[in-house]
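Visitor: Residue numbers (the working numbering), protein chains in the order written: chain A, 1 to 349; chain B, 1 to 509.
FYI, nobody ran anything at the bench for these hints, they're computed from the structure. Computed from a predicted model, the values in this text were never measured in an experiment. We treat Cβ as the ideally placed atom computed from N, Cα and C, and that holds for glycine. Where hints are given, some of them may not hold.
[To be verified] To give an idea of the interface, some chain A residues facing chain B are shown, with a C-beta separation under 8 Å as derived from the structure:
| hint | residue |
| --- | --- |
| 1 | K172 |
| 2 | S174 |
| 3 | S176 |
| 4 | N180 |
| 5 | A214 |
| 6 | F216 |
| 7 | S220 |
| 8 | F223 |
| 9 | A227 |
[What the hints assert, rightly or not] Distance condition first, Cα-Cα at most 30 Å in a straight line; then the derived DSS-like pairs of lysine-lysine:
| hint | chain 1 | residue 1 | chain 2 | residue 2 |
| --- | --- | --- | --- | --- |
| 10 | A | K133 | B | K329 |
| 11 | B | K270 | B | K202 |
| 12 | B | K369 | A | K237 |
| 13 | B | K270 | A | K237 |
| 14 | B | K320 | B | K365 |
| 15 | B | K344 | A | K211 |
Chain by chain, the residues run as shown.
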Amino acid sequence: MMFTNRMFNILVPVISVLLGLIAGAIIMASFGYNPLNGYQALWAGSFGDIYYFGETIRQVTPYIFTGLAVAFAFRSGLFNIGAEGQVIVGWLASVWVGAAFDAPMIIHLPLALLAAALAGAIWGFIPGLLKAKLGVHEVIITIMMNYIALHVSNALIRSVLSENQDSSDPIKESASLASNWLMEMTSYSRLHFGILIALFAAMIMWFLLEKTTAGFELRSVGFNQHASRYAGMNVGKNIILAMVISGAFAGLGGAMEGLGTFGYMPTHSAFTNLGFDGIAVALLGGNNAFGVVLAALLFGTLKIGALNMPTAADVPSELVEIVIALIIFFVASSYIIRWVLLRFKKEGK
Amino acid sequence: MENYVVEMLNIRKEFPGIVANDNITLQVQEGEIHALLGENGAGKSTLMNVLFGLYQPEKGEIRVNGKAVKITDPNVANNLGIGMVHQHFMLVDTFTVTQNIILGSEPKKGGKIDLKKAEQEVAELSDRYGLKVDPRAKIKDISVGMQQRVEILKTLYRGAEVLILDEPTAVLTPQEIKELIEIMRSLIKEGKSIILITHKLKEIMEVCDRCTVVRKGQGIGTVDVKDTSPDELASLMVGREISFTTEKTAAVPKDQILSVKSLQVQDSRKVGMVKGLDLEVRAGEIVGIAGVDGNGQSELIEAITGLRKVESGSIHLNGKAITNLPPRKVTDSGVSHIPQDRHKFGLVLDFPVGENMVLQTYYKKPFAKKSVLSYKNIYSHAKRLIEEYDVRTPSEYTKARALSGGNQQKAIIGREVDRSPDLLIAAQPTRGLDVGAIEFIHKKLIEERDKGRAVLLLSFELDEILNVSDRIAVMFDGKIVANVNPSETNEQELGLLMAGSTVEKDGER
Ligand SMILES: Nc1ncnc2c1ncn2[C@@H]1O[C@H](COP(=O)(O)OP(=O)(O)OP(=O)(O)O)[C@@H](O)[C@H]1O
Ligand SMILES: [Mg+2]
Numbered sequence: 001m002m003f004t005n006r007m008f009n010i011l012v013p014v015i016s017v018l019l020g021l022i023a024g025a026i027i028m029a030s031f032g033y034n035p036l037n038g039y040q041a042l043w044a045g046s047f048g049d050i051y052y053f054g055e056t057i058r059q060v061t062p063y064i065f066t067g068l069a070v071a072f073a074f075r076s077g078l079f080n081i082g083a084e085g086q087v088i089v090g091w092l093a094s095v096w097v098g099a100a101f102d103a104p105m106i107i108h109l110p111l112a113l114l115a116a117a118l119a120g121a122i123w124g125f126i127p128g129l130l131k132a133k134l135g136v137h138e139v140i141i142t143i144m145m146n147y148i149a150l151h152v153s154n155a156l157i158r159s160v161l162s163e164n165q166d167s168s169d170p171i172k173e174s175a176s177l178a179s180n181w182l183m184e185m186t187s188y189s190r191l192h193f194g195i196l197i198a199l200f201a202a203m204i205m206w207f208l209l210e211k212t213t214a215g216f217e218l219r220s221v222g223f224n225q226h227a228s229r230y231a232g233m234n235v236g237k238n239i240i241l242a243m244v245i246s247g248a249f250a251g252l253g254g255a256m257e258g259l260g261t262f263g264y265m266p267t268h269s270a271f272t273n274l275g276f277d278g279i280a281v282a283l284l285g286g287n288n289a290f291g292v293v294l295a296a297l298l299f300g301t302l303k304i305g306a307l308n309m310p311t312a313a314d315v316p317s318e319l320v321e322i323v324i325a326l327i328i329f330f331v332a333s334s335y336i337i338r339w340v341l342l343r344f345k346k347e348g349k
Numbered sequence: 001m002e003n004y005v006v007e008m009l010n011i012r013k014e015f016p017g018i019v020a021n022d023n024i025t026l027q028v029q030e031g032e033i034h035a036l037l038g039e040n041g042a043g044k045s046t047l048m049n050v051l052f053g054l055y056q057p058e059k060g061e062i063r064v065n066g067k068a069v070k071i072t073d074p075n076v077a078n079n080l081g082i083g084m085v086h087q088h089f090m091l092v093d094t095f096t097v098t099q100n101i102i103l104g105s106e107p108k109k110g111g112k113i114d115l116k117k118a119e120q121e122v123a124e125l126s127d128r129y130g131l132k133v134d135p136r137a138k139i140k141d142i143s144v145g146m147q148q149r150v151e152i153l154k155t156l157y158r159g160a161e162v163l164i165l166d167e168p169t170a171v172l173t174p175q176e177i178k179e180l181i182e183i184m185r186s187l188i189k190e191g192k193s194i195i196l197i198t199h200k201l202k203e204i205m206e207v208c209d210r211c212t213v214v215r216k217g218q219g220i221g222t223v224d225v226k227d228t229s230p231d232e233l234a235s236l237m238v239g240r241e242i243s244f245t246t247e248k249t250a251a252v253p254k255d256q257i258l259s260v261k262s263l264q265v266q267d268s269r270k271v272g273m274v275k276g277l278d279l280e281v282r283a284g285e286i287v288g289i290a291g292v293d294g295n296g297q298s299e300l301i302e303a304i305t306g307l308r309k310v311e312s313g314s315i316h317l318n319g320k321a322i323t324n325l326p327p328r329k330v331t332d333s334g335v336s337h338i339p340q341d342r343h344k345f346g347l348v349l350d351f352p353v354g355e356n357m358v359l360q361t362y363y364k365k366p367f368a369k370k371s372v373l374s375y376k377n378i379y380s381h382a383k384r385l386i387e388e389y390d391v392r393t394p395s396e397y398t399k400a401r402a403l404s405g406g407n408q409q410k411a412i413i414g415r416e417v418d419r420s421p422d423l424l425i426a427a428q429p430t431r432g433l434d435v436g437a438i439e440f441i442h443k444k445l446i447e448e449r450d451k452g453r454a455v456l457l458l459s460f461e462l463d464e465i466l467n468v469s470d471r472i473a474v475m476f477d478g479k480i481v482a483n484v485n486p487s488e489t490n491e492q493e494l495g496l497l498m499a500g501s502t503v504e505k506d507g508e509r
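When you get a sec, could you build the whole thing from the sequences and use the hints?
Guide: Following this line, the structure appears as structure tokens:
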């Protein structure tokens with residue numbers, strides 16, 4: 001038995017997901033629920049009809065962005081836990097530009113997207129700068145930046161973006177990604193055009209990392225900073241650049257919520273989790289652009305499909321969360337699966 | 001009836017696209033030092049990794065003390081009394097010597113690690129074999145030679161009876177090598193057996209009892225060292241005659257290329273290492289820097305190449321100041337650098353060989369056009385270098401990590417020499433290379449010289465310095481203390497000069 005490296009990279013996430021599903025089934029069964037019914041409900045709730053399909057794709061959209069953000073930083077040797085905060089500031093910036101101006105769509109929408117990317121980029125720039133110049137670990141700074149983003153955005157929504165309300169003013173139509181046509185097609189789901197931008201972003205990431213000289217430097221710095229310096233690359237510059245681009249991706253993820261799904265920004269009492277889930281999406285997707293799209297699809301499916309399990313299969317929502325968590329657990333522990341596979345590879349001769 | 005502690009019979013090990021070991025037999029007698037000799041990429045490390053349980057062989061049998069065994073992982077190897085010191089060390093930098101040694105088999109007292117007891121045991125072991133290791137020192141604060149002893153201690157602590165040493169002397173200075181040889185002798189006296197991989201035939205002749213030769217993955221046979229000669233060993237392993245001295249014509253030095261004046265450089269702890277050094281290298285000559293490790297050689301080279309800050313003094317290349325320029329600017333003004341530490345500086349191990357071949361030039365034509373990489377040109381360039389420099393690799397797409405140590409080095413040398421710079425800095429260029437490859441690299445250096453390049457060679461091998469250089473600059477305590485002509489000196493005199501003695505020179509004046 002011989003695995004090629006490529007097959008291996010596909011096999012590991014697939015097995016992780018299967019194991020997660022099996023573990024979830026065992027849990028459901030042991031609490032006296034029929035796992036088959038449960039998963040049927042999950043499927044029906046995500047792809048069962050066109051409305052659910054639209055909702056699933058809508059949920060996939062920000063996951064693609066946060067997955068790309070975390071993956072991009074990973075490939076450059078950095079752990080961006082700050083995607084969460086970058087999503088929040090991106091969301092905030094997009095609805096602010098979306099509500100504060102009047103302009104034709106061709107200008108307004110790109111401007112709002114740009115604002116989101118820029119806000120996320122700045123939120124990534126700060127930890128990048130501190131890491132590059134002072135060697136402060138990016139994990140610590142990005143975690144702190146998450147809290148700053150959460151509380152500052154809440155304060156701004158109440159004071160600047162609305163008159164003491166718990167959500168910002170709605171954005172103008174000219175900045176909106178939502179589309180009546182898409183909504184009608186999917187029996188009034190909140191599906192919007194953001195998915196196209198997300199897929200385009202995935203292509204950009206692939207091209208940037210694999211095909212350009214900048215990507216060569218980022219990957220090189222990600223693997224070996226000493227050799228990169230020896231080769232004449234500016235290590236600090238690349239660390240900052242990686243965090244800026246990563247932050248911009250996450251910021252755009254926020255814009256998907258602001259300009260697409262909601263059309264405004266509510267105050268948040270807790271994190272959106274979009275950024276944190278992005279870590280799992282990136283891991284499952286093997287930190288490459290195409291893999292991230294597939295992993296985001298899976299996460300979106302689970303998230304939306306799970307909503308249907310309590311009503312359609314009577315599985316209590318707490319249990320649903322356990323099942324989802326198990327799948328994530330197995331994905332995250334794909335390292336272990338990799339190890340077991342390698343053992344099989346050794347013995348299966 | 002021979003008494004074999006370890007027998008590897010007809011071992012075969014394949015990697016995708018390559019047979020690393022094909023029908024190799026290695027039998028180690030109790031209490032002997034058994035050499036394993038072969039060219040770069042012949043499969044020595046692979047064979048030892050099989051014995052240590054890191055790889056599973058496709059075919060063949062392993063016996064320990066006459067019993068057939070299956071070594072599925074390094075723990076099994078440890079339990080069978082087999083220990084290994086790898087070509088590249090596996091120590092945790094920020095841990096102490098003792099912490100590293102007990103890692104994975106910590107002695108416990110009531111659920112807590114008993115560090116006191118461990119330290120005592122480590123100190124005892126160290127004394128017994130004359131290792132002189134401080135159990136409480138941090139790994140990052142001790143020399144490479146000491147780190148290696150820690151690795152040896154680690155195997156002894158786990159009860160090793162058979163020690164595998166994979167190219168231990170490649171990273172050591174001549175003095176450290178002498179000490180290691182003593183250590184090996186005391187290990188043998190205590191009844192241990194050793195498998196020693198080395199490319200240095202002199203060492204095999206000096207300490208080994210028997211020698212097994214592999215060539216391109218094939219077992220060639222085992223010889224008694226006392227019945228053989230370096231020449232015979234060399235031709236056994238390469239399959240042809242090797243010349244040990246390098247033929248060359250007298251140098252014709254021309255214009256000054258590199259000029260270093262009153263240079264002062266500090267190390268990372270802010271201690272002065274280069275202390276007012278003057279050095280000149282001309283076009284068409286090879287200047288060899290001789291010196292005991294730690295006299296500022298590394299700092300000097302890092303300062304020239306822009307990797308380390310110059311405190312005062314100046315460095316000029318072709319008459320232009322390059323003092324404190326960033327590495328890219330230095331490279332672009334015509335400097336190539338074969339770095340001392342190939343894993344740290346020389347390669348991005350997780351990049352394919354092809355991408356490593358353009359590590360400095362990836363953004364230039366023809367490798368990139370308008371910031372878009374041309375993989376076609378990158379890989380055809382790599383393919384040419386791989387052939388020209390005889391880098392043994394399954395393909396140019398293989399990750400650098402999968403290459404044997406010596407072939408990684410050849411890849412770096414190919415990349416640096418091929419740029420044909422005005423100044424070629426070669427720091428320990430032949431470290432870890434087999435005799436055939438060394439001969440080839442020396443020829444290349446001389447070829448570059450004859451093309452009118454300036455070559456600065458740093459080496460701890462006096463043979464190499466004497467053989468290849470046109471002029472020897474002896475470095476001691478951060479300064480060049482003597483300039484000597486290689487044809488008018490010898491190892492003894494160099495040794496004295498390197499130790500800081502100026503008596504002889506003074507007497508001549
Ligand atoms: N993990 C691996 N994957 C693929 N190929 C490998 C791997 N390890 C070694 N090889 C290949 O197997 C061959 C033997 O390598 P090995 O490291 O055993 O050589 P070696 O005799 O130790 O050489 P050196 O003296 O240069 O250290 C080489 O061609 C190498 O490229
Ligand atoms: Mg080796």
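Visitor: For every hint, state whether the structure bears it out.
Guide: The hints, checked one at a time:
| no. | hint | in the structure |
| --- | --- | --- |
| 1 | K172 | 37 Å, violated |
| 2 | S174 | 34 Å, violated |
| 3 | S176 | 35 Å, violated |
| 4 | N180 | 40 Å, violated |
| 5 | A214 | 7 Å, holds |
| 6 | F216 | 5 Å, holds |
| 7 | S220 | 5 Å, holds |
| 8 | F223 | 5 Å, holds |
| 9 | A227 | 5 Å, holds |
| 10 | A/K133 x B/K329 | 21 Å, holds |
| 11 | B/K270 x B/K202 | 39 Å, violated |
| 12 | B/K369 x A/K237 | 22 Å, holds |
| 13 | B/K270 x A/K237 | 25 Å, holds |
| 14 | B/K320 x B/K365 | 25 Å, holds |
| 15 | B/K344 x A/K211 | 25 Å, holds |
This entry does not satisfy hints 1, 2, 3, 4 and 11, going by the numbered hints stated previously.
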